[in-house]
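Here is what each chain is made of, one letter per residue.
2 protein chains.
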Amino acid sequence: MKFSIQKDRFAQSVQDVLKAISSRTTIPILTGIKIDATEEGIKLTGSDSDISIESFIPKEEEDQVIADIKQVGSIVLNARFFNEIVKKLPLEKIEIEVITSFQTVIRSGQAEFNLNGLDPEEYPHLPQIEEGEVFKLPTDLLKAMVRQTVFAVSTSETRPILTGVNWKVEDGELICIATDSHRLALRKAAVETDANAEYNVVIPGKSLNELSKILDDTQEPVEIVITDNQVLFRAKHLLFYSRLLEGNYPDTSRLIPADSKTKLELNTKEFLQAIDRASLLAREGRNNVVKLSMIGEEMIEVSSNSPEIGKVTEQVKSQSVEGEELKISFSAKYMMDALKALEGTEINIQFTGAMRPFVIRPQHDDSTLQLILPVRTY
Amino acid sequence: MKFSIQKDRFAQSVQDVLKAISSRTTIPILTGIKIDATEEGIKLTGSDSDISIESFIPKEEEDQVIADIKQVGSIVLNARFFNEIVKKLPLEKIEIEVITSFQTVIRSGQAEFNLNGLDPEEYPHLPQIEEGEVFKLPTDLLKAMVRQTVFAVSTSETRPILTGVNWKVEDGELICIATDSHRLALRKAAVETDANAEYNVVIPGKSLNELSKILDDTQEPVEIVITDNQVLFRAKHLLFYSRLLEGNYPDTSRLIPADSKTKLELNTKEFLQAIDRASLLAREGRNNVVKLSMIGEEMIEVSSNSPEIGKVTEQVKSQSVEGEELKISFSAKYMMDALKALEGTEINIQFTGAMRPFVIRPQHDDSTLQLILPVRTY
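Protein chains in written order, with the working numbering: chain D, 2 to 379; chain H, 2 to 379.
Since the hints were derived computationally from the structure, they do not count as laboratory data. It is possible that some hints are incorrect.
[As the list claims (entries may be wrong)] Dumping the calculated DSS-like pairs for lysine-lysine here, alpha-carbon to alpha-carbon at most 30 Å:
no.	chain 1	residue 1	chain 2	residue 2
1	D	89	H	318
2	H	3	H	237
3	D	94	H	270
4	D	8	D	207
5	H	8	D	270
6	D	169	D	94
7	H	3	D	292
8	H	89	D	270
9	H	334	D	20
10	H	292	D	3
11	D	44	D	94
12	D	3	H	341
13	D	334	H	71
14	H	341	D	94
15	H	71	D	312
16	H	328	H	262
17	H	264	D	89
18	H	20	D	94
19	H	292	D	89
20	D	341	H	89
21	D	94	D	71
22	D	312	H	20
23	H	44	H	262
24	D	270	D	144
Only chain D is shown next, with the shape it has when bound in the complex (with noise of 0.2 Å):
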């Protein structure tokens, strides 16, 4: 193998396959990472054996030249120092040669590094997935709809499935939905199906997460195609794999109260930076927790007291509050990690009842919500 490369390129490639590596790995050659030079361009490979992150330079791109193969072939290195020396490299342009035994030699001006490097046949292989149905999303409504659910999954594995969101497409919808059993988020969109395409199935959030940091904030679509243990994110230039998590998602559609007791108007910012102020103190004490209450037709009053510390009150002014008057105590984190997934100036809050969950929408939008199960502090 031995080819030269535009190193800026190159480097954001290492980078992006360096999310699905794993330095904690227990089989070594997955500590490495994959690359091999083609007629067509140079493929990097990355994987935890969860996910699994390819990424593809073409040797030419818009007339323009990216890398020169000499020679094909391939090769395993480690994948931590591979990075650091790509950054550091001297010049523009770098060489990668593979010389004897998979010794690996890496040129750029006057500094040459030598790296050991192991035999990429023992690398395992990617899943294959087969070229079956596809559906397709905007990047950048791909990244907001993780983003807008991802938070809230379970971080305990006692039930693992809770550590996934479900997505879940039916009719043209996909739905994706996260709950740690305190709160959930939920957000839905329109997708472009083939045929009829049904699924139902639990992606890690933490492969969510990865995802989201290496796709670009286009409006490209990315493809996605599901199989009974994987899900594959198509997107230019990028393969991104990752395994499903095994068992049934509880139906959570139950949890979602149909009717509201009060109703709140509230504008996000306003409200957020009043939790935020009063989780100061509540931090302190047991689960974070702020008290709510209503004082008035367009009033409320957000408030803590942590009795070693002192305490704080804030009074918001509500757009609208309707219905029977309520206290209600919950956790600040959960609440802020909502109000911050939630896009748009103003939000509605429904609320049954003190003991009972309560969801916060976007005001006229139906395709987010966000729940949370109070706290009983009496």
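Chain D is already provided as a structure; the job is to place chain H on it using the hints.
Chain H in isolation, oriented as in the chain D frame:
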């Protein structure tokens, strides 16, 4: 105590004195920030008993009202919470009032915090420093002198005196020296002193680091007062006290070789980047050691070898190579620290043998030097 004040100015002063406050102190009142409202303005104090910082906010400055003092008085408030609260208050104007038995109310807009304060009478008194002899340095020069030496102090407590920087004033010159016994950094500059003042003290490295962080990059003079066991840095509206380290600083003058058997001239940035690349692999080996050898009249080679991972070699052009040929090994980290500390685009390195300390100086600048002890590798 009752006053209102501009939030941004107040928050900056809180940030400054916070640098002296440790959450791990064994003296509970020192986790607090002391606030004194006087007829002249607001004084904030923080201390960990090694470092004490006092920041003063005048009630008026340049015909602008900054603080409105309604009632003089004092209070001590938990520094960490107070800092978070002040930063997050909603409006540009904030009001602080002690109501009863150290209960303190902080108001801004609709937000009201009620903090449990501590008795200001129990706050320790700052060291009393007689208005005696003073010497002056422009702030930016003081910061440069700290930056160019403090990184070389020892981080080990086996010889506590080496955790400080030796400050010597004699013949109108300030000399700052730091060493951890593997390398040494020296910087000197002329200072304005009263009469023929002479000092020889050791200032804790941590104190100088904190001082550097809170001083602005101006040419305004900082007044420095040195007593038996304290040093006071006095800038505009800011007093910074540090205790001195007890004991005698070793005489380092014998360490610096007067002669030279090999002399190199190098471009600082090119050499630094080559060392940085070589250290990528060296980091894995013990000691982070790189090797330097002469390979001709105008070329040196930097290399490093880590049997498990690979090796790296790089040739660097030297403006001149004079004297005996030499192969020498040293810590890449120490070399990078030294090169980053030196100002100037060209440096020279003077060696007196492969096992003797060598000296790095900027070209045409005798005010500073860096000394490094080589590492034996064979």
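Checked hints:
A hinted pair counts as satisfied when its Cα atoms are at most 30 Å apart, and residue 89/D with residue 318/H qualifies at roughly 18 Å. Of the supplied pair hints, the one linking residue 3/H and residue 237/H holds, its CA atoms being roughly 25 Å apart against a limit of 30 Å. Distance restraint check for residue 94/D and residue 270/H: the Cα-Cα separation of roughly 20 Å lies within the 30 Å cut-off, and the hinted pair is therefore satisfied. Of the pairs offered as hints, the one joining residue 8/D and residue 207/D holds, with about 29 Å between alpha carbons and a cut-off of 30 Å not exceeded.
Between residue 8/H and residue 270/D the alpha-carbon distance is near 20 Å, which keeps this suggested pair within the 30 Å criterion. Simply put, residue 169/D and residue 94/D have alpha-carbon atoms about 46 Å apart, too far for the 30 Å limit, and the pair is violated. Only pairs whose Cα atoms come within 30 Å are accepted, and residue 3/H paired with residue 292/D is accepted, the gap being roughly 29 Å. Proposed proximity of residue 89/H and residue 270/D is supported: the alpha carbons are some 13 Å apart, at most 30 Å.
Simply put, residue 334/H and residue 20/D have alpha-carbon atoms about 28 Å apart, close enough for the 30 Å limit, and the pair holds. A distance of roughly 29 Å separates the Cα atoms of residue 292/H and residue 3/D; the hinted pair therefore holds under the 30 Å criterion. In summary, the hint linking residue 44/D to residue 94/D is supported, as the alpha carbons are separated by about 18 Å, within the 30 Å threshold. Taking the CA atoms of residue 3/D and residue 341/H, the gap is near 36 Å; set against the 30 Å cutoff, the hint is violated.
Using a Cα cut-off of 30 Å, the hinted pair residue 334/D and residue 71/H is violated, with the two alpha carbons roughly 37 Å apart. As the CA atoms of residue 341/H and residue 94/D are separated by approximately 27 Å, the hinted pair is consistent with the 30 Å bound. Simply put, residue 71/H and residue 312/D have alpha-carbon atoms about 24 Å apart, close enough for the 30 Å limit, and the pair holds. The suggested pairing of residue 328/H with residue 262/H holds, with an alpha-carbon distance near 13 Å, which does not exceed 30 Å.
For the given pair, residue 264/H sits about 28 Å from residue 89/D by alpha-carbon distance, which is consistent with the 30 Å threshold. Between the alpha carbons of residue 20/H and residue 94/D the distance comes to roughly 46 Å, so the proposed pair goes past 30 Å and is violated. The straight-line distance between the Cα atoms of residue 292/H and residue 89/D is roughly 19 Å, inside the 30 Å bound, and the hint therefore holds. A distance of roughly 17 Å separates the Cα atoms of residue 341/D and residue 89/H; the hinted pair therefore holds under the 30 Å criterion.
The straight-line distance between the Cα atoms of residue 94/D and residue 71/D is roughly 15 Å, inside the 30 Å bound, and the hint therefore holds. For the suggested pair residue 312/D and residue 20/H, the alpha carbons sit about 26 Å apart, so the restraint of at most 30 Å is met. Taking the CA atoms of residue 44/H and residue 262/H, the gap is about 58 Å. The hint is violated against a cut of 30 Å. A C-alpha spacing of about 22 Å is found between residue 270/D and residue 144/D, which places the hinted pair at or below 30 Å, so the restraint holds.
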